[in-house]
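Each chain is listed here by its residues.
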Amino acid sequence: MAEYYLELKGVSKSFPGVKALDNVSLSVRPGTVHALMGENGAGKSTLMKCLFGIYKMDAGEVYINGQKVTINNPDEAMKMGIAMVHQELQPVLPRSVAENMYLGRFPTRNYGPLKVIDHKKMYEDTTRWLKEVGMDFDPKAPLSTLSIGQMQSIEIAKAVSHEAKVIIFDEPTSSLSEKEVDVLFRIMNDLRSRGVAMIYISHKMDEIKKISDDITIMRDGTYVGTWPAAEMTTDQIIARMVGRELTNVYPDHPCKPGEVILECRNVSSIHEKSFQDCSFKVKKGEIVGFGGLVGAQRTELMEAIFGMRGIKSGEVIINGQKVETKNPRRAMNAGEGLITEDRRGNGILGCLSIKDNVGISVYDKNLKAGFVLDHGKIGQIVSDSIDKLRIKTPNAQEAIANLSGGNQQKVIIARWLANDPDVLIMDEPTRGIDVGAKHEIYEIMVQLQQQGKAIIMISSEMAELLGMSDRIYVMCNGHIRGEITEPKDMTQEKVMHYATMF
Amino acid sequence: MNKKAFNFKDFMINYGVILIIVILVIFTGIKSPKFLSSSNLLNLLLNMSARLVIALGIAGCVITAGCDLSAGRIIGLGGCLAGILLQKADYANRFIEGGQPMNIFLAAIIVMLVCACFGAVTGSFIAFLSVPPFISTLAMMEIVYGLNLLVTNATPLGGYVKAYTDLASGRFLMIPYLVWIAIFIGVVSWFIFNMTRHGKYMYAIGANPQAAEVAGVPVKLTMVMIYAKAAAFYGLAGFMLGAKSGGASVNLGLGYEMEAIAACTIGGVSVTGGRGKVSSAVIGVAVFEFLKAALQFLGVNANAQWIALGVIIYIAISLDIRKYVAKK
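Sequences listed follow chains A and U, in order.
Per the numbering used here, residue 1 is the first one in the first sequence, and the count goes up by one each step.
Per the numbering used here, residue 1 is the first one in the second sequence, and the count goes up by one each step.
Hints were generated in silico from the structure; no laboratory data involved.
All C-beta atoms in this analysis are idealised placements derived from N, C-alpha and C, irrespective of residue type, glycine included.
Among these hints, one or two may not hold up.
Simulated restraints, written as ranges between beta carbons of each label pair [unchecked claim]:
{"id": "1", "chain 1": "U", "residue 1": "V131", "chain 2": "A", "residue 2": "K179", "range": "35 to 41 Å"}
{"id": "2", "chain 1": "U", "residue 1": "F172", "chain 2": "A", "residue 2": "L367", "range": "30 to 36 Å"}
{"id": "3", "chain 1": "U", "residue 1": "S318", "chain 2": "A", "residue 2": "P107", "range": "38 to 44 Å"}
Starting from the given sequences, assemble the full structure and let the hints guide the process.
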């Protein structure tokens, strides 16, 4: 047997405009847990998707047990003994445990040309495989009756039933309780003793130290290095994850904070796993950054403050007044604006014109006789914002869906500026936007800040977070773990330190 | 050369169905000149009037990516209610013995308000309890039918006052009153769709309900209003149909909801939501009525006409989807 069961060599992958992976290598020994680490967007998931045949790599080679192979799709990957336990499970909830295990490969009995599903065999096999991973569920139980941790062990049982020799765990513990994590680790230890090679993606340092044998670190789509886990301290890992040069491409934004405009006191979600007990303040003329890893519940917190999600307890105070954030309309009337992270999903009104997309927030303020829309005034507001934000479009009647991502984002910004909010929340304001438009959006943000507006910016891009924020809150696992106020303290290490305080 | 071919394709996608109908109308006109006579055209307009009012109501539901199956039964209720209110005082089989007929304007308004209440209930289930429009309006369809049966005892109504039936026969500037009512509702709808917040919110919800909510649109209230307004229109359509036929029964308007949805789609109200104008409903209803009349004039087997209608719906919806979805 080769020293490494699985080897990836020189893997590169580009998406339009981005080099997601650049000459990345990964070598996994049999019977070990190999941690793959890196910040948001370092390319871990992309690398795994390339291995699994979901993406086609531009360059690079894959060796299994010393043999060069090509993997074109997940089906081939599974046939070669590679299985993946996904970050977000995609089970068929109303169907049974056994059906989920055997989806797409149901055991059948043949009656001539007629194929009938062999339920008896399916249930028996399911029970047997579940026993293999030390689990004991009723194979007929609907999946929806199980906890997420239990569903995950079914995914693992599925991998084992494929007789997988390589199992990829993509942030498997992100939604597990401590007890469930223990169960997972017991299963992993068992698989290790059977010689299975495992790749483990996680941000949780203590878990990495506990379970893994080797650590490979990636940064910005490149391979940083591989080390034995026992020789690395948490600080060393963080230093290697963030150790990039920051170039200053961000406009100057001297900050003269005014009075507090938005204050949140001990805001908790109605969901236990979401944000809890979050308190923070935002002042006029400030850009407040919210840092953290993906899944830190930053978006959820902001959407709750904007009335899109339920708040169980805590207070939201704007301009000294307690606000009932029951729905976005109320939040809007209280002086908030929110540019959501998912532009396509809940930002743009795709088939409508730029005029309709901007105008939607100001109809209440531009009425004649109390109920007739003042199209003259609205048109003026829209054409002013097209000029001011330099939105590239033939005219205001163009459907927003026909614009580039950057221009769509500017239209959404224009929508909120037209309504003149006191606090503008921008969730990943430059996601999916080309470099030129990015810079324009930064300039718009600085202009607003200089005019005395308060801006909250969620950003998963470390450079952007450090470059644009006047003050930073860092969240982890639904809690605000730290506040960075001094410019000299705004370092990648500090942010990562708070962001991994699980 | 290539560019020209492309333009032709675009033209066909946008106006294909209308083109087919125009050709059919010209062809029918040549084969049977009576088809384009003023009396026949007026008759066509009369047929279109109530259907346009229904289509304008249902257009709001379709623009928000919904539908309304209860339309037909609410038309029936509206027609019967109008009949009850407008029977002659001395009619032998009077529904309410010894009563007096109501003023027709007042009756029309009462009919619309009562129907609007049913629409508001349908809309509330859709908005507040997230019941899919298909199911919510299906349920209301059954409820309204049952209520109508109970109220009228399944007996047809007749013996209307002259002022009511005059709506169909009387004319102003050569054009029947019923057509004027339809034109009035068309203007009102245009105003609501284009000049009020409600109209803009309706398009926003149709384009992307999540984004509309984030943009501060009162999504739930708007949905309730859309279905209430639609039902008021159906009620008015029932009132109009009653005037036209001089009587009403519980089965008045049966199946009209399907015709109206089809007409909207043919005219360009997109079933995927967010798109559609008042002119779309007008064009759709016209296409439908002209097609039916032309086939009749050409002597096509009456039963086979249904097949033609179905084929047109297939073509129209396939082209409509092509317009928006295939581009991505």
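Against the structure, the hints come out as follows:
1. U/V131 x A/K179: 35 to 41 Å: Given range 35 to 41 Å: holds, Cβ gap about 39 Å.
2. U/F172 x A/L367: 30 to 36 Å: holds, 34 Å
3. U/S318 x A/P107: 38 to 44 Å: holds, 41 Å
Figure legend: structure checked against the earlier numbered hints; every hint is met.
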